[in-house]
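Enquirer: One-letter residues, chain by chain:
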Amino acid sequence: MCAQSPAKQQMSYGYLMQEPGALDALGPDGLLAWAQTVRRAYDAAVPDPLQSIVAPVAEASMDSVATVDWMALPLRVAECLTRAKALEACDWLGPSGWEGRARLQEEYAEWRVLRGRDGAMLRFEMTTELQEYWRVFAAYDPAATLRTVAELSGDRQVDPAEVYGRTDPFASGSTPQERDVGFASKFLDRNNPSRYNSGECSLCCMVHRSNTLSALLELAATAAVAVPLECRDPSSGRRRYLTATESIALFSNAAQQGRASDPVLVERLTHLGAERRRICFDDPVGVYIVGIERERLRTPDGSVPPQSWFTFGRGAGSEQSPDGRARYQHLSIEIPDDAGFELGDLVDVATDQRICWGGQLADMVQLAVYLRIGPAKTENADDKTRIDPAVPAEPALGCSGIERHYNEFIASRG
Amino acid sequence: MAEPGSLIQEGIYFRAGERAPASYRLVVFDVRPGANAGDVAHALERMWVTLAQMRDGTVRDLGELSQRHAKEIKAQYQSLRALVGFGASAFADREHGPPLATSPRPDFLVRLNRKGRAFPALPWSADPTSQGEGDIAVQLTADRADAVNCAAVELCTLIADDELALAAVGSFDGAGRQDGRGWLGFHDGVSNIETSQRATAMEAGADPPWMQGGTYMAFLRLAVDLAAWRALSRETQELLVGRDKQTGSGLVAVDRQSGAPRPVAAPDPGDDMSDAELADYQDPPQSTDPLLEASHVHRANQNRSSPHAAAGLRMFRQGYDYLDTIGPDGPRLGLNFVSFQSNLSVLEHVLHLPGWLGDVNFGGPSEPGDGEPGPPSFIALDAGGFYAVPPRATPFPGASLFKSG
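If you read the protein sequences in the order shown, they are chains A and B. Mapping to the working numbering: the first sequence position 175 is 175, numbers consecutive. Mapping to the working numbering: the second sequence position 381 is 795, numbers consecutive.
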């Protein structure tokens, strides 16, 4: 996956980063801008690379890959509200069309649900595309951007104003910076977003403030702080790594307790770093949809839905990837018209419940980040600082904020 | 706030210094047709009192005994521990009218799927029993087989004598091994979470409220085709398991110089392991070889995280081997896989996710390369059931579910 074409290797910037999902949409200028975007995000999160376990680019020794995976259902939201309430609230549309998504879908994946007039679920879509990438894409290739939006929405043509707001992306003299501003003002507007990203027509990139490239890299910085530390286990007395609860409580505002994503990423990075491995995010960096627990689902006649009802896209599949790893960023699930039933008629055998909410399907979607790692080193293995983390027994989930969102959701229903 | 794990019922040996005793029996009961919640509560209370009395040296039929004989009884049952769990059917309207339990069924408390495979890579055995699923399950553990067996029989005679509203539907025995190994010949239960973190892995939250501080039990009686396993070479077995068969040390590399992959294990750390050696022995660190990453120990703990990272899908295991019979076709045996987790979704994910245990029966690469061992299929499900194990309570755990009237 790190092999580069000779042309790209000659790029003067010296920091290469493929498009997420191994997409091939950007031209040379866009690729350079994307590399710069990633590098800026890295530099902001890791001010001193020499002191960090996370390198900006793969080094020669990083010839192996570690996978960190989690499920897409927002666990903290379910823990704070109960699963039933979380499922309902995550599908909240509200006036913007994406209230549940922008407020609660915080595991580096966001979804939308299309329903029939009776409220039954007809279609489910999920994206893990980074908004930072889409900003570069929109800035450097507006024509391709509009075509991609059209493809994702099923519309034949997309009005540029729906994507770029008041900025005419094709105006003579229009600059990437201007297009970026226009795109961000319309596509990512929190209160009046484009219907092509709000979920009304389509779902293109993530919008939750935690689901960004910057947030992902800041998590890595959190883990880096915990690497040289160890503590005495209060029960066994043995030396061990800090747990995610301990690390996050002591050191970071960048990671959130109770999620599916943040704690497992922090712990994995900490352990790998404590083995004195050099680490970087695999190129291309991204959060990927690697699969779905399809065999948990049953149609009304008791059979497992066929693979053809699940469409993975916006990235390379395992067959297309040189390393055999899936790097999808989009998933849609829809039942063919002639099936005689709808998506909402499927049953999850793990809960014996019909599929009513997008979160039920999100709970079956496996997400992954790939880390490129070097060999473990044993010298100076005992060179660690021992601390006694006085952390609370229960992790701070920040439920008050979640509950506030839920109360607004309830109030919005009248 | 209660100390973590303090409300978990007895019979789960997760605390420092505790080790699961040698004998196990699970008894499954159904509520008799027509019984109401009050009948169930009365039956469970009587059972709970009876079990406590046995530990104190009192058996119903024998009445008041001399000090000497009471001491004998107490010696037999002093290690006996019981826990009670409730199956999906206890919450089902369609099976009990009116409903027995006052609360809806927890989301992931379901009956195992019997149309096709229970789980994608775990088929039902040729002749599975449905006796692992019932309204109520009582797990009995003790140092001695006579303790669990007599306790199980005592519960049945109690039900008959007092005409209680329950009927036994099945029972499953098991035995722990002193050598810490399983039927496959390998160490079993090594990767079983740091002691201080076990409660976090097991303890249920407040959804539903009556389960807060309790746990969920998965019981899977796994039949092992020992002949198929023993047909594999030791090296293949080690690659599939991810450990050295003799020492239990985790594999650290694969030697491919001679063509066929050969396992390379970490040195035997011996009896006096450092903290780091023990940590690596229990949870083998990240491997860079895809063949090792596909082994059972790595598949079962993909993210190598503590229970404080929920996506690590950690569960506390307390399994027991069983030997059903020995006949002309050889021994019929297997493992009572018993796990305790904060939510049954954990086990569902582990058994459904590719890369975990959703795409292979036990271990190995789902798409082996040249010379690599393919994933064998030698484990099948004979019986199983999921149970909600409520927190400790008076007069019995889960009493609040069966308020009469």
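Because the hints were derived from the structure by calculation, they are not lab data. Cβ coordinates follow ideal geometry from the N, Cα and C atoms, glycine included. Don't take every hint at face value.
Said to hold, decoys possible - Restraint ranges, calculated between C-beta atoms of paired labels, are given here:
1) B:Q660 <-> A:V65: 45 to 53 Å
2) B:A813 <-> A:D155: 36 to 44 Å
3) B:G530 <-> A:R147: 40 to 48 Å
4) B:S517 <-> A:N191: 48 to 56 Å
5) A:N253 <-> B:P512: 47 to 55 Å
6) A:S308 <-> B:G788: 23 to 31 Å
7) B:D685 <-> A:A376: 47 to 55 Å
8) B:S517 <-> A:R156: 35 to 43 Å
9) A:R123 <-> B:E432: 30 to 38 Å
10) B:G788 <-> A:G94: 22 to 30 Å
11) A:N253 <-> B:C570: 56 to 64 Å
12) A:F341 <-> B:R528: 21 to 29 Å
Said to hold, decoys possible - Here are the simulated SDA-like cross-link-like pairs (lysine to any residue), alpha carbons at most 25 Å apart as the crow flies:
13) A:K85 <-> A:A411
14) A:K377 <-> B:V666
15) B:K659 <-> B:G584
16) A:K377 <-> B:S539
Enquirer: Look at each hint and say if it fits the structure.
Expert: Okay, the hints, checked on the actual structure:
1. B:Q660 <-> A:V65: 45 to 53 Å: violated, 31 Å
2. B:A813 <-> A:D155: 36 to 44 Å: This hint is violated: roughly 59 Å between Cβ atoms.
3. B:G530 <-> A:R147: 40 to 48 Å: Given range 40 to 48 Å: holds, Cβ gap about 43 Å.
4. B:S517 <-> A:N191: 48 to 56 Å: Cβ of S517 of chain B to Cβ of N191 of chain A: about 40 Å, so the range 48 to 56 Å is violated.
5. A:N253 <-> B:P512: 47 to 55 Å: holds, 51 Å
6. A:S308 <-> B:G788: 23 to 31 Å: holds, 27 Å
7. B:D685 <-> A:A376: 47 to 55 Å: violated, 25 Å
8. B:S517 <-> A:R156: 35 to 43 Å: violated, 52 Å
9. A:R123 <-> B:E432: 30 to 38 Å: violated, 51 Å
10. B:G788 <-> A:G94: 22 to 30 Å: This hint is violated: roughly 51 Å between Cβ atoms.
11. A:N253 <-> B:C570: 56 to 64 Å: Given a distance of about 58 Å, which is inside 56 to 64 Å, the answer is holds.
12. A:F341 <-> B:R528: 21 to 29 Å: holds, 22 Å
13. A:K85 <-> A:A411: holds, 14 Å
14. A:K377 <-> B:V666: Distance of about 13 Å is within 25 Å: holds.
15. B:K659 <-> B:G584: violated, 35 Å
16. A:K377 <-> B:S539: violated, 46 Å
Hint compliance for this structure: hints 1, 2, 4, 7, 8, 9, 10, 15 and 16 are not met, and every other hint is.
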